[in-house]
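Last residue of the sequence shown: 454 (full-length UniProt numbering), numbering continuous.
It is worth saying that the hints were derived from the structure and are not from the lab.
C-beta atoms are modelled at their ideal positions from N, C-alpha and C, and glycine is treated no differently.
There could be a bad hint or two in this list.
[Claimed, not checked] List of simulated lysine to aspartate or glutamate pairs, DMTMM-like, C-alpha gap at most 25 Å:
{"id": "1", "residue 1": "Lys195", "residue 2": "Glu164"}
{"id": "2", "residue 1": "Lys109", "residue 2": "Glu99"}
{"id": "3", "residue 1": "Lys346", "residue 2": "Asp295"}
{"id": "4", "residue 1": "Lys175", "residue 2": "Glu164"}
{"id": "5", "residue 1": "Lys346", "residue 2": "Asp329"}
{"id": "6", "residue 1": "Lys195", "residue 2": "Glu177"}
{"id": "7", "residue 1": "Lys111", "residue 2": "Asp100"}
{"id": "8", "residue 1": "Lys175", "residue 2": "Glu222"}
{"id": "9", "residue 1": "Lys86", "residue 2": "Asp350"}
{"id": "10", "residue 1": "Lys394", "residue 2": "Glu371"}
{"id": "11", "residue 1": "Lys345", "residue 2": "Asp329"}
{"id": "12", "residue 1": "Lys357", "residue 2": "Asp310"}
[Said to hold, decoys possible] Label pairs and their computed distance ranges (CB to CB):
{"id": "13", "residue 1": "Thr197", "residue 2": "Ala271", "range": "48 to 56 Å"}
{"id": "14", "residue 1": "Arg268", "residue 2": "Ser395", "range": "42 to 50 Å"}
{"id": "15", "residue 1": "Arg268", "residue 2": "Cys149", "range": "22 to 30 Å"}
{"id": "16", "residue 1": "Ser316", "residue 2": "Lys111", "range": "38 to 46 Å"}
{"id": "17", "residue 1": "Pro80", "residue 2": "Ser311", "range": "33 to 41 Å"}
{"id": "18", "residue 1": "Ser316", "residue 2": "Thr220", "range": "35 to 43 Å"}
{"id": "19", "residue 1": "Glu363", "residue 2": "Asn96", "range": "25 to 33 Å"}
{"id": "20", "residue 1": "Asp58", "residue 2": "Ala321", "range": "42 to 50 Å"}
{"id": "21", "residue 1": "Gln116", "residue 2": "His3", "range": "43 to 51 Å"}
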Amino acid sequence: MLHLDYCVIGGGIVGLAVGAALSPFGSVAVLERNGQLIHETSSRNSGVVHSGLYYPADSLKTTLCREGNRNIWRLQQKYPNAIHAKRIGKWIGACNSSEDAQLEGLAQKMKERQIQYKMIPQSKAYREEPLVRMHTIVNSTDTGIIDVCTLADFYRRVVEASSEGYVLCNTEVTKVELPEKTKQRETKSGRAPVKLTVSSSCSDRSINNSSSSNSGDPYTIEVDKAVVCAAGLHSNTLWSCLSCGGAAVAQPSSHRLYACKGRYAGYRGKAPVSRLVYPCPLPNLVGLGVHSVVDVAGQVRFGPDAVYVDSFNDVSVASSASEEEAFLDSQYNAVRRYIPSIERKKFFPDFAGIRPKLAQGGEGFRDFLIEYIDQVVEAEETLAPSGSLTPVMKSVKNGDNPHEGEAAVVWLNGIESPGLTASSAIGDYVTSWLVGSKKFSEYFPPWRDETDAL
Numbered sequence: 001m002l003h004l005d006y007c008v009i010g011g012g013i014v015g016l017a018v019g020a021a022l023s024p025f026g027s028v029a030v031l032e033r034n035g036q037l038i039h040e041t042s043s044r045n046s047g048v049v050h051s052g053l054y055y056p057a058d059s060l061k062t063t064l065c066r067e068g069n070r071n072i073w074r075l076q077q078k079y080p081n082a083i084h085a086k087r088i089g090k091w092i093g094a095c096n097s098s099e100d101a102q103l104e105g106l107a108q109k110m111k112e113r114q115i116q117y118k119m120i121p122q123s124k125a126y127r128e129e130p131l132v133r134m135h136t137i138v139n140s141t142d143t144g145i146i147d148v149c150t151l152a153d154f155y156r157r158v159v160e161a162s163s164e165g166y167v168l169c170n171t172e173v174t175k176v177e178l179p180e181k182t183k184q185r186e187t188k189s190g191r192a193p194v195k196l197t198v199s200s201s202c203s204d205r206s207i208n209n210s211s212s213s214n215s216g217d218p219y220t221i222e223v224d225k226a227v228v229c230a231a232g233l234h235s236n237t238l239w240s241c242l243s244c245g246g247a248a249v250a251q252p253s254s255h256r257l258y259a260c261k262g263r264y265a266g267y268r269g270k271a272p273v274s275r276l277v278y279p280c281p282l283p284n285l286v287g288l289g290v291h292s293v294v295d296v297a298g299q300v301r302f303g304p305d306a307v308y309v310d311s312f313n314d315v316s317v318a319s320s321a322s323e324e325e326a327f328l329d330s331q332y333n334a335v336r337r338y339i340p341s342i343e344r345k346k347f348f349p350d351f352a353g354i355r356p357k358l359a360q361g362g363e364g365f366r367d368f369l370i371e372y373i374d375q376v377v378e379a380e381e382t383l384a385p386s387g388s389l390t391p392v393m394k395s396v397k398n399g400d401n402p403h404e405g406e407a408a409v410v411w412l413n414g415i416e417s418p419g420l421t422a423s424s425a426i427g428d429y430v431t432s433w434l435v436g437s438k439k440f441s442e443y444f445p446p447w448r449d450e451t452d453a454l
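Please build the complete structure, drawing on both the sequences and the hints.
Given below as structure tokens:
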């Protein structure tokens, strides 16, 4: 039987950030079911460091994105060899006069939120990006790009800088057993632990020195303080692993995820632009529109679109030649609104990623969902299986933990864009609630004082 203070389920960028944030406060493991970290949503996106512009001012998406943006630029300045990021700015443009009012609204939001921006005169725009044609342009100067792999590796090294910190791939959680009140026993936190059944073929540094950790045989981890579920696309599946006293715990309808695919097109030859160029965002914020994406190596692609699909594993750009041509046509037509001289023949299918959406197609804005299981009760939802239990979910808020000192199960859901940018702030947010810690940049000893360890 293995014991941990904290366990994070999911080795995407957010799970790694949460693990890094928790690492100064006890033993922690980040468990990833795939053979490598950031294998899914985290590595299949635009790699943009957002400024916190598009969402409601009081939403988690805005507040955590703003704080995460500041963290990334601080860290990049302090550790330029470790974190590869560039603050190149983002042009957001009205493609015609009918979009000017929408762009003016975005500029007003920037002013109110103290996001750095500049209006770009057309003469200057033409000098800097000769192929771009937009009616009005605002430059979000706090926006940039980042090599996601370097940020993920940085978080990983923070976790493993602790003698009790572990990041394990090929390690899948198959059961999450909540403690029964009738079976409480003393632990370091004074409450019965959460028990995880784990199957692992991990060959890295292991929390289990027995042979079972490398054979794929299941073993048990008892978590005394908190389990943080950051499973991303597999959140629906992880809910099906939850039980209490032998009874299944049904997934709340508010936590149901939907798969929304975003596809990218590459561009052969000389890059037509040297920066991020965005049109005005799509209605209901399903996506931010097909934009130019420039990575840290200078490669340009265009995307993503937003297509709801049935499978979270469907990362194909197209399933047939005709679908591929239709996709490339749609990308070309979207891009030529602001780069009219773009050449269709140079477009090619690049890659696709899945956004874990809490909203179905056509629904409005949904915020990040960061909640904990307060208790479980007899199922009342009509969709819950007979004999199952229903969790009572409550919002995680900084400094407001009514169960301080008790084991907890925290669930992160719908962490799509701007989750990459917000990752460090999400780690701060969850950790502040669990342990009442100081702010992110103040409680990471390896990041502030132990540069050699990284």
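Does the structure break any of the earlier hints, and which numbers would those be?
When the structure is compared with the hints, none of them turns out to be violated.
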